[in-house]
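Protein sequence lines correspond, in order, to chains A and B.
Residue numbers for the first sequence follow the working numbering, beginning at 19 and rising by one.
Residue numbers for the second sequence follow the working numbering, beginning at 19 and rising by one.
Incorrect hints may have been included.
Here chain B is said to cover these stretches of chain A; the calculated rule only asks that three of the stretch's residues, wherever they fall, bring their Cβ under 8 angstroms from a Cβ of chain B [as the list claims (entries may be wrong)]: (1) 39-47; (2) 147-158; (3) 305-314; (4) 317-327.
Short derived list, chain B residues pointing at chain A, Cβ under 7 angstroms [unchecked claim]: (5) N41; (6) K48; (7) P154; (8) P287; (9) G290; (10) A304; (11) G326.
Don't read these hints as lab results, they were simulated from the structure.
Backbone N, C-alpha and C define an ideal beta-carbon position, used for all residues, glycine too.
2 protein chains.
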Amino acid sequence: MVNVAILGYGVVGSGVAEVLTKNSDSISRKVDDFITLKYIVDVREFPDSPFSECFVKDFSVVENDPDVNIVVETIGGATIALEFTRRALMAGKSVITSNKELVATYGYDLLQLAKSKGVSYLFEASVGGGIPIIRPISQCLAANQLYEVYGILNGTTNYILTRMIRAGLSFETALKEAQANGYAERDPSADIEGHDACRKICILGAIAFGRHIYPNQVPTEGITKITLADVDYADGAGKKIKLLGRAIRTEDGRICAYVAPHLIGNENPISGVEDVFNAVTVRGDAIGDAMFYGRGAGKLPTASAVVGDVIDAAKHMKAKKYLDWAPGGDDVTVSPDGLVMSWYVRGNAGTDAVRAAFGEVEFLARSGAPAGEVCFITKPMKQETLEEKLKPFHISNIIRVLD
Amino acid sequence: MVNVAILGYGVVGSGVAEVLTKNSDSISRKVDDFITLKYIVDVREFPDSPFSECFVKDFSVVENDPDVNIVVETIGGATIALEFTRRALMAGKSVITSNKELVATYGYDLLQLAKSKGVSYLFEASVGGGIPIIRPISQCLAANQLYEVYGILNGTTNYILTRMIRAGLSFETALKEAQANGYAERDPSADIEGHDACRKICILGAIAFGRHIYPNQVPTEGITKITLADVDYADGAGKKIKLLGRAIRTEDGRICAYVAPHLIGNENPISGVEDVFNAVTVRGDAIGDAMFYGRGAGKLPTASAVVGDVIDAAKHMKAKKYLDWAPGGDDVTVSPDGLVMSWYVRGNAGTDAVRAAFGEVEFLARSGAPAGEVCFITKPMKQETLEEKLKPFHISNIIRVLD
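Throw the hints in and build the complete structure from the sequences for me.
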C-alpha cells in the first residue's frame with residue numbers, strides 16, 4: 019500500500035486527485051501495489067468534493083503520519099510550498115511537484131535534501147505540463163552531449179501570438195481574448211513578460227547541462243513589444259514569431275540561457291506549434307534534433323505528468339538516481355550578448371543607407387506599410403555589433419532570428 | 019566496472035561503439051561507474067577499426083565471460099539474433115537491441131526470459147530511431163488510459179512521399195532518388211510495402227495497451243499505389259498523404275492495429291513531418307495528444323537510443339520493472355474494417371452520381387485532371403459501407419482520412 023497526500027486543492031491538485039482515482043486500477047497494476055489517496059491538505063472547505071473524507075487543514079498530520087509515502091505539492095509559489103516540501107522530505111517522504119518557481123529557485127537544495135534522505139524529488143510537470151520532457155532528456159538522451167535545449171514554454175503567450183498571426187488581432191485584443199478564455203491571468207505579467215518561461219528554461223538547462231541556473235541569471239524579454247506589423251513582415255518571409263526559452267552550452271562549458279521572441283522559419287516544426295500548445299527541442303551530438311510536443315498546461319495534462327511521477331516514485335521507493343545536478347554559481351552562465359545570430363530589424367531608413375551599414379540583407383515587405391518604413395533580416399552578428407550599426411537609424415523593433 | 023559487448027559491427031553497432039567511447043566521460047559520470055566496451059562480435063575482419071582489439075568471432079566468448087554485464091544486439095533479423103539474445107539472457111546478461119523484427123515477433127518471450135533471470139531487455143531504439151518513445155509512453159504517460167498511438171514510423175517512405183509532394187516526382191522517381199541517397203535499400207519492399215512500419219506499430223501497441231501484437235495480426239498496406247494525382251488532390255484540400263501505423267484501443271478492450279496511407283490535415287502537426295524524420299502521437303485521457311519527433315533512423319541517432327538503454331541498464335543492474343506486457347493471442351486484435359472514418363476516393367464518375375450515392379461529400383480539385391475524373395472525401399463510414407456504395411463506379415484509388 020502506497021499512501022499519497024496532496025498539498026493544495028486547486029486546479030492541478032484536484033486534477034491529480036481525479037486522475038489517481040479514475041485510473042486507479044491500471045495505475046495499481048503498473049505499480050504492482052495499491053496507491054491510495056489518503057490526505058488532501060487545504061485550508062479551504064470543500065464539502066461537496068468526492069474526496070471530502072481526505073481533507074485536513076494541518077500539514078503536520080501528513081508530516082507525522084508514517085504511512086504517507088508520497089507527497090504531491092501543488093500549492094505553487096516559493097514560501098509555504100518550500101516549507102512543506104522541506105518538511106516532507108525531512109520526514110522521509112518522496113515529493114512530487116508541478117511548481118516551476120520552487121524548482122527553478124530551490125531545485126538544487128531540494129534534490130540534495132531528497133538524496134540525503136534516500137527519497138525522490140520529481141517535477142516532470144514543472145515544464146511543458148503533461149509533455150514528457152524531463153525524463154526523456156535525463157534518461158533517454160543520456161548518451162548525448164547536449165548542445166542546446168529550447169522551446170515554446172508558455173501557452174498563454176503562444177496563444178496570443180497565434181491569434182495575432184492567424185486572426186490579425188492586436189496584442190492587446192489577443193490578450194483580452196486569452197483572459198476571457200481563461201488562458202491568461204487577470205495579472206498576466208508572469209506570462210507576457212516571460213517570467214514563467216524563464217523558470218522553465220532554468221529547469222531544462224539544469225537537466226540538460228548539469229548545473230543549477232537561477233532565474234535572475236537569465237535575461238528575460240516578453241512579447242509586449244510585438245506588433246501586427248512584425249507578425250506581417252515575418253509571415254512574408256515564411257517565418258513565425260514565437261517566444262522561446264533557450265539554453266545553449268558554450269565552448270567553455272558555460273551556459274547561455276535567455277528568454278526572448280524569435281523569428282522561426284516555417285521549415286522548423288516548432289514554428290507550427292499553435293494556440294496553448296508547448297514544444298521543446300533538444301539538440302545533441304548523436305540524436306540531432308528531437309522535439310516533444312503537447313499540452314503545456316491545464317488541469318488534466320499537468321495531472322498526467324504529476325501522477326506519472328507518483329507511479330515512478332511508488333515503483334522505486336528508494337531514491338531514483340536520475341535527477342541530480344551540481345550547484346549554481348556566478349561562473350555557470352554567460353550573457354547572450356556573445357551569441358552570433360541574425361536579427362530582424364524594423365525602423366525608418368532608406369534601403370541604401372541600410373545596405374551601406376549592413377552590406378547584404380534580406381528586405382521584408384508587408385502590404386500597407388507606411389512610407390519610409392524599412393524591415394530587414396541581417397547576416398549573423400553579435401548584438402553589440404548590431405546596435406553599433408543601428409545607431410544612425412530610427413528603430414521601432416528588433417527581434418532575434420533562430421538559425 | 020560495467021562491461022559491454024556489441025553483437026554485429028554494422029551501421030548501428032559501429033555507431034554504438036563510437037558513441038560509447040566518444041562520450042565515455044559523461045556517460046560514466048551519469049552511471050557513477052566505468053562503462054567499458056569489451057567485445058565486438060562479428061564474423062568479418064575489421065583490421066583498421068579503432069576498436070580492433072575488441073573483436074572476437076565467437077559469441078560463446080561473450081556468453082562465458084562473467085564480467086560482461088550488458089550485450090548490445092545489432093545483428094538484425096530473427097534467427098542468429100534470436101539465438102544470441104536468448105543465450106545472453108540465459109547467461110544473466112541484460113540485452114539492449116534496435117532489432118524491431120525480433121521484438122515484434124519474440125518480444126513477449128524475451129521479456130519473460132529476462133524477467134526470470136532478473137535482467138533487462140530494452141529496445142528504445144527499435145521504434146523511432148533516436149526519438150525517445152518507448153520510455154515516455156511506458157513511464158511518463160503511465161497515469162493515462164491510452165486510446166491510441168499512431169505515427170510516421172518509416173523514414174524511407176516519408177522521404178519518398180515528401181519528394182512527391184514537394185518536388186512533384188513520381189513514386190518511381192522518388193524511390194530511385196531515395197535509393198541513390200542511401201535512404202532506401204536495393205530491395206525496398208520492407209519499407210514501401212509497410213512491413214517495417216508494421217513491426218514498429220506492433221511494439222508501440224504492446225507498450226501502450228499491454229498485450230503482444232504479432233505482425234501477422236496487422237493488416238498492412240504500403241505506399242506503392244499513391245500517385246502524383248493523389249498528392250495534388252490532397253494538397254488542394256489542405257492535407258498531406260503520409261504512411262501511418264496506428265493502434266487503437268476499442269471499447270471492448272481489444273486493439274485495432276494496421277498500417278496504411280492516410281490524408282492528414284495541415285492543422286495536425288504530424289502532417290509537417292518531412293523527409294526521413296519520424297513522429298509518434300499518443301492519445302490519452304489526461305494528456306490529450308502528445309507528439310514525439312526526430313530522426314527515425316541513421317547510425318548516430320539509433321546509437322543514441324541504444325546507449326541510453328545501456329546507461330539505464332548499467333544504473334539498474336537488477337531488472338527494471340517498467341517494460342512488461344501480457345501474451346498475444348487471437349483475442350487481442352480486431353480488424354480495422356469496423357473503424358468509422360472518412361475516405362478519399364479518386365475515380366471516374368459524375369458528381370451527381372457521387373452525390374446520389376454518398377449524400378454530401380467534399381469534392382477536391384487539381385489542375386490538369388483528365389475529363390471524367392472525380393475526387394472527393396466522404397463523410398465517416400465503415401470500409402464495408404464505402405465499398406458497397408462504390409460498386410457502380412470505376413475507382414482508381416481510395417485512401418483513409420485521419421480524423
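Okay, the hints, checked on the actual structure:
{"no.": "1", "hint": "39-47", "result": "holds (count 4)"}
{"no.": "2", "hint": "147-158", "result": "holds (count 7)"}
{"no.": "3", "hint": "305-314", "result": "holds (count 9)"}
{"no.": "4", "hint": "317-327", "result": "holds (count 8)"}
{"no.": "5", "hint": "N41", "result": "holds (6 angstroms)"}
{"no.": "6", "hint": "K48", "result": "holds (5 angstroms)"}
{"no.": "7", "hint": "P154", "result": "holds (4 angstroms)"}
{"no.": "8", "hint": "P287", "result": "holds (5 angstroms)"}
{"no.": "9", "hint": "G290", "result": "holds (5 angstroms)"}
{"no.": "10", "hint": "A304", "result": "holds (4 angstroms)"}
{"no.": "11", "hint": "G326", "result": "holds (5 angstroms)"}
Checked against the numbered hints listed earlier, the structure breaks none of them; every hint is satisfied.
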